[in-house]
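Engineer: Chains as they are written, first to last, in the working numbering: chain A, 456 to 657; chain B, 4 to 303.
Just so you know, the hints here were simulated from the structure itself, not pulled from any lab data.
Warning: the hint list may mix true and false statements.
Claimed, not checked - Subject to a maximum C-alpha distance of 27 Å in a straight line, what follows is the list of computed DSS-like cross-link-like pairs (lysine-lysine):
1) A/Lys528 x B/Lys14
2) A/Lys483 x A/Lys495
3) B/Lys206 x B/Lys217
4) A/Lys634 x A/Lys550
5) B/Lys170 x B/Lys187
6) B/Lys206 x A/Lys643
7) A/Lys626 x A/Lys652
8) B/Lys26 x A/Lys642
9) B/Lys217 x A/Lys652
10) A/Lys501 x A/Lys528
11) B/Lys217 x A/Lys483
12) B/Lys296 x A/Lys634
13) A/Lys642 x B/Lys272
14) B/Lys171 x B/Lys187
15) B/Lys272 x B/Lys296
16) A/Lys528 x B/Lys26
One letter stands for each residue in the lines below.
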Amino acid sequence: MRILDWFTSGNPCKQFDSNERLFEGLRKLETAAILCLQAKALPSVKKAVAGHGLPDEKADEILNSATLVFLQKIECGAYQFQGYSPLTYFIEIAKRQALMATRSAKKAMQPLENLPETADPDHVDLLRRQDAADTVRLLLDQLGQPCNDVIRLYHIDGYSDEEVVNQRLTKYSTPDSLKMKRSDCMKKLVQLAQQWKTSTNI
Amino acid sequence: MEDFDQYLSGKMDAEGRRRFEQKIATDPALQAELRVREGLRQLRLEAKVAQASTARREWERHRNWRRILVGCAIAGLFGLAVFVWVKKEPLPPTPPATQWPNQEAAPTSEPLQPTDEEEIAPVLPEKKTTEPIQQPIAEAKPNLDQLPPPADFPNLRGEDVEAYELKKLLDQVWYAQYPPAGFKLDGAFEEADALLMGREYEKAYGKLQRLERKLPDNDTLRMMKGFCLMYMGEGTEAIRYFDAVGEQPLPTQQLLEWYRGQCLLLSGKREDALVVFRKIAADPKHSYQRQGKTAVRFLE
Chain A
456 MRILDWFTSG
466 NPCKQFDSNE
476 RLFEGLRKLE
486 TAAILCLQAK
496 ALPSVKKAVA
506 GHGLPDEKAD
516 EILNSATLVF
526 LQKIECGAYQ
536 FQGYSPLTYF
546 IEIAKRQALM
556 ATRSAKKAMQ
566 PLENLPETAD
576 PDHVDLLRRQ
586 DAADTVRLLL
596 DQLGQPCNDV
606 IRLYHIDGYS
616 DEEVVNQRLT
626 KYSTPDSLKM
636 KRSDCMKKLV
646 QLAQQWKTST
656 NI
Chain B
4 MEDFDQYLSG
14 KMDAEGRRRF
24 EQKIATDPAL
34 QAELRVREGL
44 RQLRLEAKVA
54 QASTARREWE
64 RHRNWRRILV
74 GCAIAGLFGL
84 AVFVWVKKEP
94 LPPTPPATQW
104 PNQEAAPTSE
114 PLQPTDEEEI
124 APVLPEKKTT
134 EPIQQPIAEA
144 KPNLDQLPPP
154 ADFPNLRGED
164 VEAYELKKLL
174 DQVWYAQYPP
184 AGFKLDGAFE
194 EADALLMGRE
204 YEKAYGKLQR
214 LERKLPDNDT
224 LRMMKGFCLM
234 YMGEGTEAIR
244 YFDAVGEQPL
254 PTQQLLEWYR
264 GQCLLLSGKR
274 EDALVVFRKI
284 AADPKHSYQR
294 QGKTAVRFLE
């Protein structure tokens, strides 16, 4: 049976038979939908990477950063479904990410004054959010337990309070107590972020 | 908190968004909270993308293996198809099997009498040693079905009329079978036996010659060497070996007697051969009586 599964698992998009269904999956951050999008876009991304003279290993990185940009655009409402294939839009993002990666590589080798300004709003936004994510990761480590788990389970891993309680993922036995604890932890995290901002002057 | 969610998810209208951004710009605590919430959202997205990326790499690995397997299967099927196709191709026509002289079944009736034409105007033979020779083969006592195909005509000296007549006579009289009925061999003679079965008399003779050094006093060896010599046209030498064979059962004795007659004829001793054939023809219990009668008829 496993062999049969192995052979029939060839199409990662079999459950996304329409563009709308794929968009809905992406909006809900379904892993299968992201996999489908990436699998479909992979050949075009590899081609774009090769076209920009980047090494093949960069394709994976470009694909992931384009996915982050695209998901962010869906989440903040910048991209809304209008009947077109999300794939077309996604490939355009990936191409721009490949271009940005090329320019970054050139910047590393050439004096900055020789290059024109190459600001891509999506790329700049991505860098800003990645910076914010790095900061939060750092602060969560400083926050310690149980706040680290309480915040991570809800905000990063996407568990609901009921799931956390039912699966006994923390020591809190009711959703209300968990919610109260998380609220406290978030306040602490924001205070830490404020202190961190002051100390680093960012 | 709801304001942050609405702001970050793009659900806030333009006016609300403008006012919220103004508020953030003047409040460091809100700025810090916005940064935390943005960071958490980004971490969530990164986790999801990492999860999907792992699944994609697994899918790629499976896809590559599937491609290899499908490729191998297609190559295998193609190879099989080519193999079947090649096998089905008709083979070039094989040349007809070599028609050994005297390979036809022995006639069971009396041999044909020489025609007047043959007697009056014998035609000189062509210079061919592989000319098929029709031999009359006599009685059914030696099982005719088991007869090996007779060999080419034995060597003859000269190509004159006398030699031709002798050859013709031998054609009409000749009868030999290998292996003789009831002939039993041990391991030492297997190779020579196989060569004799394959009608390679000279090679068989060579083998037997070598074997004779080990087995100088062996009747089976003498019989086989005599048989080889008879087929090689060396009648006198063959008789020497046949005569040296010791006491044998009656069928073997009768066979040797018939061979002696043939060997005498081979060596040109026509009268001596006729004496032997007459004796055979006169004995109703002789296994080769019929061959003997035929021989007498042709010789007289």
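Engineer: None of the hints should be skipped; say for each whether it holds.
Structural biologist: Against the structure, the hints come out as follows:
{"no.": "1", "hint": "A/Lys528 x B/Lys14", "result": "13 Å, holds"}
{"no.": "2", "hint": "A/Lys483 x A/Lys495", "result": "19 Å, holds"}
{"no.": "3", "hint": "B/Lys206 x B/Lys217", "result": "18 Å, holds"}
{"no.": "4", "hint": "A/Lys634 x A/Lys550", "result": "42 Å, violated"}
{"no.": "5", "hint": "B/Lys170 x B/Lys187", "result": "32 Å, violated"}
{"no.": "6", "hint": "B/Lys206 x A/Lys643", "result": "109 Å, violated"}
{"no.": "7", "hint": "A/Lys626 x A/Lys652", "result": "31 Å, violated"}
{"no.": "8", "hint": "B/Lys26 x A/Lys642", "result": "19 Å, holds"}
{"no.": "9", "hint": "B/Lys217 x A/Lys652", "result": "112 Å, violated"}
{"no.": "10", "hint": "A/Lys501 x A/Lys528", "result": "23 Å, holds"}
{"no.": "11", "hint": "B/Lys217 x A/Lys483", "result": "99 Å, violated"}
{"no.": "12", "hint": "B/Lys296 x A/Lys634", "result": "129 Å, violated"}
{"no.": "13", "hint": "A/Lys642 x B/Lys272", "result": "136 Å, violated"}
{"no.": "14", "hint": "B/Lys171 x B/Lys187", "result": "33 Å, violated"}
{"no.": "15", "hint": "B/Lys272 x B/Lys296", "result": "18 Å, holds"}
{"no.": "16", "hint": "A/Lys528 x B/Lys26", "result": "24 Å, holds"}
In this structure, the earlier hints numbered 4, 5, 6, 7, 9, 11, 12, 13, 14 are contradicted, and the remaining ones agree with it.
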